[in-house]
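Enquirer: Sequence lines, in order, name chains A, B, C and D.
To convert, take the position in the first sequence, counting from 1, and add 23; that gives our numbering.
To convert, take the position in the second sequence, counting from 1, and add 23; that gives our numbering.
To convert, take the position in the third sequence, counting from 1, and add 23; that gives our numbering.
To convert, take the position in the fourth sequence, counting from 1, and add 23; that gives our numbering.
Watch out, some of these pointers could steer you wrong.
For chains that are exact copies, the list does not tell them apart, and a pair is met inside one copy or across any two.
Stated by the list, open to error - The calculated lysine to any residue pairs, modelled on SDA-like cross-linking and capped at a C-alpha distance of 20 angstroms, are:
| id | residue 1 | residue 2 |
| --- | --- | --- |
| 1 | K237 | L36 |
| 2 | K99 | K239 |
| 3 | K35 | H83 |
| 4 | K265 | E152 |
| 5 | K136 | K239 |
| 6 | K61 | L238 |
FYI, nobody ran anything at the bench for these hints, they're computed from the structure.
Keep in mind the model is a prediction, meaning the values are calculated, not measured.
Protein chains: 4
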Amino acid sequence: MTTIKKIGKIPKLKNPIFIEGLPGVGNIGRVAAGYLIKELKAKKFAELYSEHFFPFVILHDDFKIGLLKNKFYYYKAKKAGERDIVFMTGDCQSLSPNGHYDVVESVLEFIQKLGVKEMITIGGLATGEIEKKPGIIGAATDDKIIKKYEKSGIDFVAGEKVGYIVGAAGLFLGLGKERGMSGICVLGETSGFPIVTDPKSAESVLNSITKVLKLKVSMNRLEERVKEMEKFIKKVEELQRKALMQISKEERAPVKGKEQLRYIG
Amino acid sequence: MTTIKKIGKIPKLKNPIFIEGLPGVGNIGRVAAGYLIKELKAKKFAELYSEHFFPFVILHDDFKIGLLKNKFYYYKAKKAGERDIVFMTGDCQSLSPNGHYDVVESVLEFIQKLGVKEMITIGGLATGEIEKKPGIIGAATDDKIIKKYEKSGIDFVAGEKVGYIVGAAGLFLGLGKERGMSGICVLGETSGFPIVTDPKSAESVLNSITKVLKLKVSMNRLEERVKEMEKFIKKVEELQRKALMQISKEERAPVKGKEQLRYIG
Amino acid sequence: MTTIKKIGKIPKLKNPIFIEGLPGVGNIGRVAAGYLIKELKAKKFAELYSEHFFPFVILHDDFKIGLLKNKFYYYKAKKAGERDIVFMTGDCQSLSPNGHYDVVESVLEFIQKLGVKEMITIGGLATGEIEKKPGIIGAATDDKIIKKYEKSGIDFVAGEKVGYIVGAAGLFLGLGKERGMSGICVLGETSGFPIVTDPKSAESVLNSITKVLKLKVSMNRLEERVKEMEKFIKKVEELQRKALMQISKEERAPVKGKEQLRYIG
Amino acid sequence: MTTIKKIGKIPKLKNPIFIEGLPGVGNIGRVAAGYLIKELKAKKFAELYSEHFFPFVILHDDFKIGLLKNKFYYYKAKKAGERDIVFMTGDCQSLSPNGHYDVVESVLEFIQKLGVKEMITIGGLATGEIEKKPGIIGAATDDKIIKKYEKSGIDFVAGEKVGYIVGAAGLFLGLGKERGMSGICVLGETSGFPIVTDPKSAESVLNSITKVLKLKVSMNRLEERVKEMEKFIKKVEELQRKALMQISKEERAPVKGKEQLRYIG
Numbered sequence: 024m025t026t027i028k029k030i031g032k033i034p035k036l037k038n039p040i041f042i043e044g045l046p047g048v049g050n051i052g053r054v055a056a057g058y059l060i061k062e063l064k065a066k067k068f069a070e071l072y073s074e075h076f077f078p079f080v081i082l083h084d085d086f087k088i089g090l091l092k093n094k095f096y097y098y099k100a101k102k103a104g105e106r107d108i109v110f111m112t113g114d115c116q117s118l119s120p121n122g123h124y125d126v127v128e129s130v131l132e133f134i135q136k137l138g139v140k141e142m143i144t145i146g147g148l149a150t151g152e153i154e155k156k157p158g159i160i161g162a163a164t165d166d167k168i169i170k171k172y173e174k175s176g177i178d179f180v181a182g183e184k185v186g187y188i189v190g191a192a193g194l195f196l197g198l199g200k201e202r203g204m205s206g207i208c209v210l211g212e213t214s215g216f217p218i219v220t221d222p223k224s225a226e227s228v229l230n231s232i233t234k235v236l237k238l239k240v241s242m243n244r245l246e247e248r249v250k251e252m253e254k255f256i257k258k259v260e261e262l263q264r265k266a267l268m269q270i271s272k273e274e275r276a277p278v279k280g281k282e283q284l285r286y287i288g
Numbered sequence: 024m025t026t027i028k029k030i031g032k033i034p035k036l037k038n039p040i041f042i043e044g045l046p047g048v049g050n051i052g053r054v055a056a057g058y059l060i061k062e063l064k065a066k067k068f069a070e071l072y073s074e075h076f077f078p079f080v081i082l083h084d085d086f087k088i089g090l091l092k093n094k095f096y097y098y099k100a101k102k103a104g105e106r107d108i109v110f111m112t113g114d115c116q117s118l119s120p121n122g123h124y125d126v127v128e129s130v131l132e133f134i135q136k137l138g139v140k141e142m143i144t145i146g147g148l149a150t151g152e153i154e155k156k157p158g159i160i161g162a163a164t165d166d167k168i169i170k171k172y173e174k175s176g177i178d179f180v181a182g183e184k185v186g187y188i189v190g191a192a193g194l195f196l197g198l199g200k201e202r203g204m205s206g207i208c209v210l211g212e213t214s215g216f217p218i219v220t221d222p223k224s225a226e227s228v229l230n231s232i233t234k235v236l237k238l239k240v241s242m243n244r245l246e247e248r249v250k251e252m253e254k255f256i257k258k259v260e261e262l263q264r265k266a267l268m269q270i271s272k273e274e275r276a277p278v279k280g281k282e283q284l285r286y287i288g
Numbered sequence: 024m025t026t027i028k029k030i031g032k033i034p035k036l037k038n039p040i041f042i043e044g045l046p047g048v049g050n051i052g053r054v055a056a057g058y059l060i061k062e063l064k065a066k067k068f069a070e071l072y073s074e075h076f077f078p079f080v081i082l083h084d085d086f087k088i089g090l091l092k093n094k095f096y097y098y099k100a101k102k103a104g105e106r107d108i109v110f111m112t113g114d115c116q117s118l119s120p121n122g123h124y125d126v127v128e129s130v131l132e133f134i135q136k137l138g139v140k141e142m143i144t145i146g147g148l149a150t151g152e153i154e155k156k157p158g159i160i161g162a163a164t165d166d167k168i169i170k171k172y173e174k175s176g177i178d179f180v181a182g183e184k185v186g187y188i189v190g191a192a193g194l195f196l197g198l199g200k201e202r203g204m205s206g207i208c209v210l211g212e213t214s215g216f217p218i219v220t221d222p223k224s225a226e227s228v229l230n231s232i233t234k235v236l237k238l239k240v241s242m243n244r245l246e247e248r249v250k251e252m253e254k255f256i257k258k259v260e261e262l263q264r265k266a267l268m269q270i271s272k273e274e275r276a277p278v279k280g281k282e283q284l285r286y287i288g
Numbered sequence: 024m025t026t027i028k029k030i031g032k033i034p035k036l037k038n039p040i041f042i043e044g045l046p047g048v049g050n051i052g053r054v055a056a057g058y059l060i061k062e063l064k065a066k067k068f069a070e071l072y073s074e075h076f077f078p079f080v081i082l083h084d085d086f087k088i089g090l091l092k093n094k095f096y097y098y099k100a101k102k103a104g105e106r107d108i109v110f111m112t113g114d115c116q117s118l119s120p121n122g123h124y125d126v127v128e129s130v131l132e133f134i135q136k137l138g139v140k141e142m143i144t145i146g147g148l149a150t151g152e153i154e155k156k157p158g159i160i161g162a163a164t165d166d167k168i169i170k171k172y173e174k175s176g177i178d179f180v181a182g183e184k185v186g187y188i189v190g191a192a193g194l195f196l197g198l199g200k201e202r203g204m205s206g207i208c209v210l211g212e213t214s215g216f217p218i219v220t221d222p223k224s225a226e227s228v229l230n231s232i233t234k235v236l237k238l239k240v241s242m243n244r245l246e247e248r249v250k251e252m253e254k255f256i257k258k259v260e261e262l263q264r265k266a267l268m269q270i271s272k273e274e275r276a277p278v279k280g281k282e283q284l285r286y287i288g
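Sequences are here, hints too, so could you generate the full structure?
Expert: So, in structure tokens, the structure goes:
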């Protein structure tokens, strides 16, 4: 069960590009997508929840309950050279391996109906080192996309340096290609230490993406926004870790004492 | 496969409120719901079983076999100010993460047809300390609900102090909200040491709930009832732990001796 | 996917009783059901395989390949007092917890169409001790069944001594009861040390069952038959253990050396 | 969700034999099938991907993204004595136990429509020793097949020496037999040390298979081809191991510090 619910109306979109940024290494995707949504005043028009997410609710604003969700926003082109955009960001990715396939297929089905033919997915590349000047590494579905993006500071050496992309950022391109869609995965280098949101790397990624999409977005508020977002991202991260511990504690709970085990099969 | 079977007739219910209390931390929910059902002489009208529960049967009354089940009871308002109530309690929650979503969605589907628009879920909040005067902490779907409940001794600081609610107690509100239902999760503070049923905390929760619902329920028999219930609750808890051990023993059983491993792929 | 395939014809059965014996603790069920099938010359009429079984094939007779299967046999009553019987035995039970529910429901669906209303499931009860005179412990769906069986040496103290029954032996009765079927689980006490087939306990179980069913079955060939069966049972047991090791080895395979982990999310 | 997509046209095949070789112990199957496909210039006509595979994409050719896939090729008989062949090879097998059943059933459904009635699956048999002259061991669905193959250097002692076949190589024969198909599993002995592609054992297997199928295939280019293939096979193997580590790291991530665990149930 993966449910996508439209909320509010969606205007007719003209050849929209899809930008996905979910929590992951360095939270590059989550931060970059979240910042663009805020700066461009993109409008939320759909939400997704799934049995493949953690079986808990988060408590927002001190008392209100919220399902774990992924969210969709649209941006209508306002200036010359801009394109309509569909954004996807959210609280989490799937808990189970097969859940990734299910959620991504559901979203592809949904955005294809909105007219999406091109995608940008954003992720982090853990290098194990503190990167002074985080590089931007790209992987793409085809040569045409590479030509389009290679002038914007993206290094197409992912095959050699990376080898694979786990989760939604990769599967969107892999499964999307099967539907005739094309796209690029933009990876910001980051140390990869857990629970570190890396605004520097997110900024590098944002610079590349806005250049290609001819979006005028000031980076002035990034630091501030990251602080706002980080509080919530950290909370969800921590909760997922705790929930995992609780789940596995329940699953592995030992029997106390030397009671005689009488079981049946 | 989650099956809900009606047993017996259900009279037409008038704007019923749903009260859920399943086994969990301190068994606050299980005990509080169970006590209300008994004291109000609520009538059982449906049972639920699911492939997401443990794959075993329990032996009641020394020899009779029973599936693990969740059970539904109704209470028709008798006095002025009272409301019709649908109760859900039972032996266990789901074993698998996605099972929680499946079971809760099945129940929401079911109770919505009974006219339920409002829910109270009951849980325990493990504090790691023996609470002398266990506080009652609430989380809700919206502000209206909070206004209704904040005079009954419930502290709406769950976001700050808790952060998330695992399992049915949280998902009922999260997934119910998506169906236009509203509700509150009432959490009784408890030490959280495993296999401890905490009647004190359950009593605090019961006091809050009965106040809001204008139910006259004496707490005189609580201690006695807890003893009755506890025997069975403990048994199921222990059995689940043993079954988990058995399952994981089977899954991890090592090969004895130094036999040569000849395998194929 | 659980598939039940009929092989050969089935004569009209008259109020048949269902006897289930699958591998488990002490292999009591497997041995007892297997011996009855052989001695009564029951005829195979259906086979079951399932995605919930181990993902491997066994090699019979030195070179021929066989799926893991459960098998169904029928016995037509020949003498006064006898009843028609449907037997189920086989190579294994489900690998996953929810698989147990799926397989058992599929079989109940199937045998209900054959007219089965009553069931005997056979299991072992691990006591942790070498039992000199293994007791026979019963658990049942209702009082009527208990009355019928209590004169045949079955002790109805399962609730107290056992508490729960894991897997098919229990779920057949629990889920069958929901379909209006009744039945008994007969448990032979056994030490429960792994990979020990316990013919003594199986004999006690057989004595009880044949008494109730008024079957004249000599126990003379039991030892011999157990030796025949044991070779194969042991093989499958060992293979499942090895396969589990292989599966978990694959799932947990560590990365050799100090290679730099560059991953992406 | 297991999807098989036809790409390009398929000519009418005449009683084609199916040859399957996927990654596994020693990569015997992957290498042997891959070599035959290349040498016979077999044509790709279909691709399979599945939610049962790892949830990641691989980066081919330094930057281009690819889903994990299994691939189908056909070869039209060109010389007297040859037969039409359908090949299946690919990047990986299923991640989950039940996934094996699902993928294999999907493929059987597909190839049966192409007219396949006979199958050869190829695997490796880990002996734990460096084999100087790797033996070829066979297991089959029936005696007829054994008679056909026993003159080609295949030893039908699998039952005794092997006992079981895990994954696709075994399930194709087991589940195929249920559909009236027959076949043989050809196992090349290999040391079984992980991440070792064993071209010697693959060559022995190829010699047997080409003899039976009356295919004239030179082994001259095997070493060279293995080197080509090995780079990619190793990469996927390594990635799967890393991904597993990442998945289990995420699943087991411990909570840092001595934070107070406040959880709810």
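Enquirer: Checked against the structure, which of the hints given earlier come out wrong?
Expert: Checked against the structure, the hints that fail are numbers 3 and 5, while the rest are satisfied.
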